[in-house]
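Engineer: Here is how the chains run, residue by residue.
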Amino acid sequence: MVEFLIGLGLPGWVAWSIAALVAAVLLLNVIAGGALVFIWAERKIAARIQDRLGPTRTGGRFGWLQSLADGIKLLAKEDLMPEGADGLLFRLAPYVSFCASFCAFIALPFAFDVVGQRLNVGVFFVVAVLGLEVFGVILAGYASASKWSLFGAMREAAQVVSYEVPLGMCVVVPVMLAGTMDLVTIGEKQAGWMSSWFLFHDPFTFIIFWVYVTCAVASVNRAPFDLAEAESELVAGFHTEYSGLRWSFFFMAEYGSMFLVSGLAAVLFLGGWNGPVPVARLLGFSDGTGESAAYVVRLLGLANLMGKATLGVLFMMWIRWTLPRLRIDQVMTTCLKYCTPIAAVMFAGAMFWQLFLPGGLFPGWGRPAGEIREGWLEGPGGLPAAASPAEDRSSTVTGGEPFERTGLATRSPR
Amino acid sequence: MTGMLDMDFIDFMDFSTLTHVVPPLATTLAALPALPIAGINWHSVLFLLFAGLACGFAIGVVAADNVVRMALYLVFSLGATAGLFFLAGAEFLGAMQLMIYVGGTLVLLVFGVMLTAQAPLVSIKPSSSDRTLTAVAGASLLSLLLTAAFSVDAWRGPGVGVVPAPSATPLGMALVGVRVDEPPAGTPVGGRVGYMLPFEIVSVHLLVVLVGAAYLARAKRRRTPRPIDALASAMPVEPVSTAATVAPTGRSAGGARSALVGGGR
Amino acid sequence: MMGLVLAPAMVASLATCLATVPLFAVNPFTEPVGVVHYLFVGAVLFTAGIACMTLKRNALGILMGIELVLNGANINFVAFASPYLRAEGAPTLGLDGQVVALFVILLAAAEAAVALAITLNFYNNHATVDVDRADDLKG
Amino acid sequence: MDLESLLPTLLGLAWLLPLASFALILFAGPRLGDHGKGAAGVATAAIVGSFVLSLLALVSWVAEHPVHAVAHDDHGGAHASADGSADGSADGSADGSADGSADGSAGSPDSHDAPSSHGSESAHQTVDEGAGHVGQPVSYSGDWYTLYEGGRLRLTIGWYVDALTVLMFVMITFIATCIHVYASGYMHDELHDITDHEVHLADGSHLHRPGRFHRFFQALSLFCFSMLGIVIAGNLAMVFIFWELVGICSWFLIGFYYERKSASNAANKAFIVNRIGDFGMLIGLMALWGALGTLHFADSTGLDGHARLGLFSLVRPPEAGHAQWVPDGMVKFAAAEKVKAVLRSHPEDPRAGVEQVEAKVEDWRDEGYGRWLLLVAGLGIFCGCIGKSAQFPLFVWLPDAMEGPTPVSALVHSATMVAAGVYLVGRFYPVLTPDALLVIAYVGAITLFIAATIALVANDIKRVLAYSTVSQLGYMMLALGVGGWLAGLFHLVTHAFFKSLLFLCSGSVIHACHTNDMRKMGGLAKVMPWTSGTMLVGCLAIIGAGVPFLDIGLSGYYSKDSILAQALLFARENPSHSILFYAVAGGAMLTAFYMFRLWFMTFAGQPRDHHVHEHAHESPPVMVYPLVALSVLAVVAGWTLPGGFGIANMIDQARPAGTGGTELGGLLFRAFTVPAEHASHAPDIHVTASLTAFATAASGVLLAAAMYVWRVIPPAAVAAAAKPLYTFLANRWYFDEIYRFLFVLPVLGMSRLVSATDTGVIDKFIEGLAWGAKQVAGFDAWLDRTFIDGFVNGTANATWHAGLELKKLQTGQLRQYVMFIALGTVAIFVLAGLLLHSSFAG
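Residue numbers (our numbering), protein chains in the order written: chain A, -11 to 402; chain B, 4 to 268; chain C, 45 to 183; chain D, 42 to 883.
Bound conformation, chain A alone (with noise of 0.2 Å):
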């Protein structure tokens, strides 16, 4: 796109700015496009598992348009502050929280190389940046005054830093398998078919998978773990003193959230845009046989990446609607007395069955040919391969020029 722009006569940096702004705006509709069909989703769902129709009039059949409707609703209501209310924190919280779950999709690839920004941390970048979106919570909380507010954000804020250690660990499995935290090469690694999914790479990574579901659900504060907005005890949590567009702001970004957590799921264990059968493949699509079919491939992967992220929050939806809520010291159980020893037992598992069956329980079922690694681990036995750095960069998927990868980065030309 920066190359068609520039080959457009535009400056450079007019390219690069374009282009990232199509690549946010992209990106804020999977977030608010997102929000909206899951919003509509989640009434429909539950209204199924309560044995209800749910919405059923608005935009004609279905009510497919009541999330639309809804958000006219918000965006006409009046918005309200409490009377001690922090001002400055409680405008600021929302948007806090909003932001910390956009930029976790700056790393977040949906495709092969179709990501906002390649990061060789991606991971990393993703679980951290996940756990900001805490803060607005606690923000809010805080500036509302309120104490229903105040308890809600505590809890919040207990829980999540709690997940974030099992989490962590069972982010760390996939990259260890993958030997690498960019999740473009992660998702890579499992092309093929079903069999090459670090899901089932071996019984441990099948195990810390629900896991790190486990984990994803509690830090994202979706039932049973929204001890946060626990509407039975703290009348709505953190956001009882919100109303209007702050308030849906929160909800875009749990519902951001809940697709982030998905979409890592997905990335990391269920072999991103590389689906249980290679479609492209079998079609003969492939990033070498022109530049349409490497369009075809992406947009296939898209989907498929898309979808399965989907089911992810549509499983999540069915949890919420399926198990009742957690008391606070039950999440902490769960969290620091299961999840956390069973990840360890299973990291450990996962480390020792990669150290001596590193081709898991599948070697070799339907797995391109060819090796993917990392530049510079390209010698044999995992000796840095120094001599022709050249070669080992273009062998790679993670190759090619350095300066395209970080964007960001690059020189102006003179």
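Everything labelled a hint here was simulated from the structure, so no lab data went into it. Accuracy of the hints is not assured; some may be wrong.
Label-pair restraints from in silico Cβ distances [claimed, not checked]:
1. K182(C) / F340(A): 53 to 61 Å
2. G175(B) / L9(A): 30 to 38 Å
3. F340(A) / G175(B): 13 to 21 Å
4. D237(D) / P329(A): 54 to 62 Å
5. P329(A) / K849(D): 36 to 44 Å
6. N165(C) / T866(D): 24 to 32 Å
7. G175(B) / T866(D): 32 to 40 Å
8. A64(D) / G175(B): 44 to 52 Å
The structure displayed is predicted, hence computed values, not measured ones. The beta carbon of each residue, even a glycine, is placed where N, CA and C say it ideally should be.
Start from chain A and add chains B, C and D according to the hints.
Structural biologist: Then chains B, C and D, alone, in the frame of chain A:
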């Protein structure tokens, strides 16, 4: 620490370099209006953005009196610093900064909220003389640091913009004791070591700190009432509590008796 | 008396302004930044941290000051480690600088944990977090 | 697993199991079961495990090295004794090279006659029967752990395993097993608090103390470990260590009832007397270590890969046909002056000097250098054996040692520990010179005679057995001394069985009667049938009962016969030493007399003390079973199965290389000959010895019967008729009194003199010095208080006041400190800048 070789300590102390900065100042001022739009370096612009955020919020931390706001500004400052790290090519470090530092500060914030929930503690204001003194000390310290920073010629020029190779994996390898990064120019061969031992030491250190902090912060059973409990007990006592104090006494007496009966020969 | 105090401050401020001038020897919008830019940020953060420590009576504020100080130092380490900010072929700290910064971050986390525990104890015993009242051991 | 690695594993485990039991009981002691009852189980389990392992070792040994009948040819006795040594060297050098390996020929010199199924045996071993046993015995040796190695010196924890070792292991662990089982019944009193009626407290009451059941088994386990350690030891240093360990175990066990004055005295006596012997042993060790630099029995390979010759190879080099000679090291050690002179004569080239010394060693050896050193080494080691095996003149401790519980007497003080001395002499046999052997023979003869005579008149049942033990040990020593290596060790094994049996029987009796005094017993055979029967078997075994012409008898018959035969042979070869044979023969008669006196007084006739008799009862089964087991072995231990398997033949497999032939002595004594052992199997010797043994034993039994059963000769009348002799014997030849007069009293007197000197002279002098010092110190104190203290106090005051002022700086204001730091840093840098660069102004 071969990178420090170019820093001659005597030069570093050389205040006379200040006299050499005036001519460049003039040229810079002259160049400002002619800022070529086409040549904007986004890296530098982002640097300015993040640097401004970091510095601004750092000063905000100093200026704010409300502890929660202080913490918020600190988080922003640290987050901006993480951005600076990303810009300098230290991606792993940036993510680390976000996760640990910002996460750690989150805990600080929580504690700030919890401990200062009482109104008088939310903002403890320093005296104005303190402010003056701090301003003087800060200004002199800053001037000293900046003088030192600008006194080395080799540090002053613009960088070449050679984008560093991704450092996360070499960093990880270095932490387990294998160095795979390309040595910087001028490094004596064979002098580079991995960080296995420091890594282990830090790990154990963290564990010890974790246990120690948990020990320090645990709820202790104490004989004498804490001051904070004393504050609470100063409040009017409801009649129910007298009944509550009688009941345990009766229980304990009964318990002692039964122990005697059970334990007697 | 006030003048005596303020005179050095004015001198120092003047020196600071003079010292920052070289920053503009390079047009920051068009040219790559250098080490000194990072050092500037590091110095500001460091100074802000020190100021925080001297100014805040709240124990948590002092902790935040410490964090700032460490962060300022970290910026310097990263700056010296990055080849991007140096002249072509100029020696850098390389990975060592990043590793040191990494350890600083880790140890800062540890330090924060212990300091918070101490603060909590202090709060439990004195019902305040004002460090000016933590003078039980004064001479 | 081949035998070489299997044996040390099995035996090492068997050796260490009791140690584990000891440790367990030591740490868990009273918590094992009820009042420590489990300790017996632990210790018994450990020793049973050891026994099983030892049996496995025995089986694997026999499977690998079948025990053959020793086919003795009949012309050994006719062999001219004068040419023995010379022939041995000559022939051995021809054959030695054929079987120089450690895994050489097993068995007798005539092994080429025996059916040989063992492939590794030397097939072409043609040995002149006069040359003695030339081939190496089958032995395995090695090291578990090297304690020290430097230069030629080397100290290790290692093993030396041959047929004797395996057999000793089986014997010790079997007896120990029996005794553990027995003791778990015998010691059951100790399970509860007990009142010791033999200890009178100051207030007239008896001592009341908690039971020490577990402590008994703890010491027993430690003892088993130590004893097995002696047997398996691969070098003399290790032997010495375990030697001392069994000593301390003995001390523990004799003093088990340490509240009793007699018990603690006896324990101390045993320990101190043994020290005297061990002092001699140390001298021997030092002689060997200093001159030869090794204490290893066998050749070994050091950590550095260099082979080092062991004692056996040094003293009896294989290349010289295992004939004894003085090792180079001892020659050089003895000829130190000459060596020095030679070395001094080559100041410019030390290497040439060393070579010349090596060249001259042969000459010096021929001149007789080092012979005395070898003799001293052998006698020194024997000194240790004198102490441990209770030989004259150090036998006085053993009868007193009977203060310990009876199982201890049976195990430690009859069967195993005291036999360790005999075992060591047997193990060390190749190094002992003929003169040393003759000394040993005489010591044994004196011991056996004195002990037997004392036993005649003793009335304490255990003391009779104790003196009998001493006497039998004298037998063994004598046998070894007159060249009967096999006879001595054979007797050691058989004696262990029947003597432990006898002791256990006596323990059973004591258990029933609560007294040791035989005069209160009598007629017990009816109430204690098992005990009396098994004891009768033991008595018959010890007197060597058997049918001379059919050559069938109890175990003692075989071993005692071979001793008699060897003594007779020796007496024939050296008529001037024929007293040795008479001692043996006389001793045999005395043995028969006092053993049957014991049996008759205890079991036969009418009860003498009805109170005792009424309370007497047969012991519980747990005590009887061991008796039966041991009595079976006391009967069969000496038998040789038709295939040739038997203890004697098995021991013979371990016969040290080069011994068993005739040896020529004459350093201490006039020239004499130690005859080859197999010569004693010649019919004339053998038959004479058998008949002598039978006659003496029968006469002894008859005499005892006449005096104590038929009462034709009243004992009291005999005692009155020979009153001085009786008194002399009853007072045990006044040995204790003589020792008291000779050693104890002079030492006491000397110490009194020294004490008087100390108080009268030295103390006075020191007090004078102290007085002077006190005066000087008074002056010093004044100086100190006035000037130095004044200065110090002044300094302290100044510091104090300075501190008072300075502490105001310590405001406790955290922020202030930070401010100080910041400003201080700035100030330092600014000052440094100003000082270093005066160009600050421009």
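Engineer: If a hint holds in the structure, say so; if it doesn't, say that too.
Structural biologist: Verification of the supplied hints:
no.: 1; hint: K182(C) / F340(A): 53 to 61 Å; verdict: holds, 57 Å
no.: 2; hint: G175(B) / L9(A): 30 to 38 Å; verdict: holds, 34 Å
no.: 3; hint: F340(A) / G175(B): 13 to 21 Å; verdict: holds, 19 Å
no.: 4; hint: D237(D) / P329(A): 54 to 62 Å; verdict: holds, 59 Å
no.: 5; hint: P329(A) / K849(D): 36 to 44 Å; verdict: violated, 55 Å
no.: 6; hint: N165(C) / T866(D): 24 to 32 Å; verdict: holds, 30 Å
no.: 7; hint: G175(B) / T866(D): 32 to 40 Å; verdict: holds, 36 Å
no.: 8; hint: A64(D) / G175(B): 44 to 52 Å; verdict: holds, 48 Å
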